[in-house]
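Chains as they are written, first to last, in my numbering: chain U, 65 to 364; chain E, 347 to 710.
It should be emphasised that the hints constitute simulated quantities derived from the structure, not laboratory data.
These numbers were taken from a predicted model, which means no experiment stands behind them.
C-beta atoms are modelled at their ideal positions from N, C-alpha and C, and glycine is treated no differently.
Hints should not be assumed to be uniformly reliable.
Unchecked claim - Chain E stretches covered by chain U per the calculated footprint, using a threshold of three residues with CB under 8 Å from any CB of chain U: (1) 422 to 428; (2) 449 to 462; (3) 700 to 710.
Stated by the list, open to error - To give a feel for the contact side, a few chain U residues facing chain E, derived at Cβ under 8 Å: (4) 140; (5) 262; (6) 265; (7) 267; (8) 270.
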Amino acid sequence: MSMMAGAGRGLRRVILGATTAWLLAFTLLPVLIVVAVSLSEPRLGAPPFTPLFEWGAGFWPVFNGTIASYLTVASDSLYVAAFVSSLRIAATSAMITLVIAYPMAYAIARASDRARFVLLMLVILPFWTSFLIRTYAWTGLLNTNGLINNTLINLGVISQPLTLLHTEFAVHLGIVYSYLPFMVLPIYAVLERMDWLLIEAAQDLGSRPYRAFFRVTLPLSLPGAFAGWLLVFIPALGEFIIPDLLGGPDTLMLGRVLWTEFFNNRDWPVASALAVVLLLVVLLSALLLVKALQRRDAAP
Amino acid sequence: MMANTGAGETPAIRIEGVSKSFGGVPAVAGVSLDIARGEFFCLVGASGSGKTTLLRLIAGFETPDSGRVLIDGEDMTSRPPYARPVNMMFQSYALFPHLTVADNVAFGLEEERRPRNEIRERVSAALAMFDMGTYGARKPHQLSGGQRQRVALARALVKNPKILLLDEPLGALDKKLRERAQLELVALRERVGITFVMVTHDQEEAMSMASRIALMRDGALCQVGTPRELYDAPQSRFAADFFGVANLFGGRVTKAGAAVDCTEVWSTLAVKDDCTQGADVTVMVRPEHIALSKDAPAQPNVLAGTLGNIVFLGNAYVCYVTLETGKTVQARLGPADMARLGAIEAGDAVYLSWDPAAARVLTS
């Protein structure tokens, strides 16, 4: 018994150790590199930034760090505007996704076992093809002479084609379309686990079905909605492909600004500083949401 | 305590020829039943007997395929659960996990849109009634099983329903707690004065709590009566076997109202119950009515056998006696009877006997 426990503890150490090593090597280290780059200065050459530490005459290396890139990010209105617009687009599209995904998740959770399997497969199915290709396919639908405009013109609904592609509307559409499963699945998971006897109890106590939903089902499914909201909001904040393919020239999103800094301007320190600030924004909003959830659960 | 149905008074619940099937499988089949005001009525049966479905039909969670459900003379058949003057206590208690104890109890009153002051007063009165006054701010998961049960009761009773439905209310409690809770529930019903309808699979629980019991089998009522009636005068082998232990001897009536020839025990048994000659019947004798002796007593209904096990129960002994036919009969003896019998052990030849008046003749 004790030997088995000992072996179990050993195995646990190995698994925990491997996981920690993996996270250190592939999550923390890259982040630290990005932070290091953000603190250095741009230059022409490879790599296109000055080393953070230099060995000079002394025993200790000389620290060459500067926060100049952060000051640039903070002072240039373009970056600030990109942040604000990214936050706005990510938040609104996450809200729209939530409004669409909740009824879907509810319907799947209440469906019969057979139907539930089929519906879940349909939700997951888009993952089986490339995200890039699916986003690109929308350009064919939204184009001035694309499927939607042609159909509407042929039906006589409109005479002039609508400008759908390269608009903020298209970016919202792309985000909602692409991230819908990330919202449906956590809400479904919570609803599927819910004890439906609670709804009967509410009805027994005098609640009409819609009242029972708002007083019992909805509050109990909030953790799933929060989780889904984060799973959509966070990747949407730094999204590059969707605004690049579907967004207009005036659609300012961080992903695109980052791309421009890295590959067009080759200003790696500023790009890294942007990435670090984005990371902090995401961490902060996630922390706030988790804290809010914990406060709600811990309330006596 | 014993309530009478009929007598011109409107029953609290009247079930008229109610049937309900799920996917073609009948769960309740043509049940008619009156439950009087102030009864502690128990629906008993094995799982799948339809007792829970019948309770859910009264609560309104199911609508019958045919038949009517009346509460206080009013037809409730098509009324949804939220519009019935009935509250239910669920087996799992179904307390809302996201609400505090006080908010759980207040839930039903808030749905009635009662004034805030009234809600607060009634909630604290209901919690105080169940000694839960200091737990109002807790969440259900912070309570013990017994405390949750009391919150569930408070939540159901705070609305002053005409009828309280209880679905296996004590099923989740351990044995010690359950016995106390049984007494508390009976006392509670007397205090609040409303009709209780309880579903249980536990025959002892039903016997010790109910004013009347309906035994259900395959969606139909098997027998309805007081606990005494069901125990002393079961109308079927099933009922006899369900309530307590029964020695059952199958046979054919050879003399109407007097003698049954039982091939199972190779003898003719004397009985006093009504029965018609030539009918196939079952003679039922409860173990506590059977006497045990070393010598054959001079009376009718004597069976010879070999003593098998003696099981000591504390206040009684159960003796298993194997007859020559191979059938095993149970006799239950008190400590005094056992002492009178003297030294006895497994393998001894013994005689079983009983008063013909103690035997019941079951026709089905």
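| query | Does the structure break any of the earlier hints, and which numbers would those be? | reply | 3, 4
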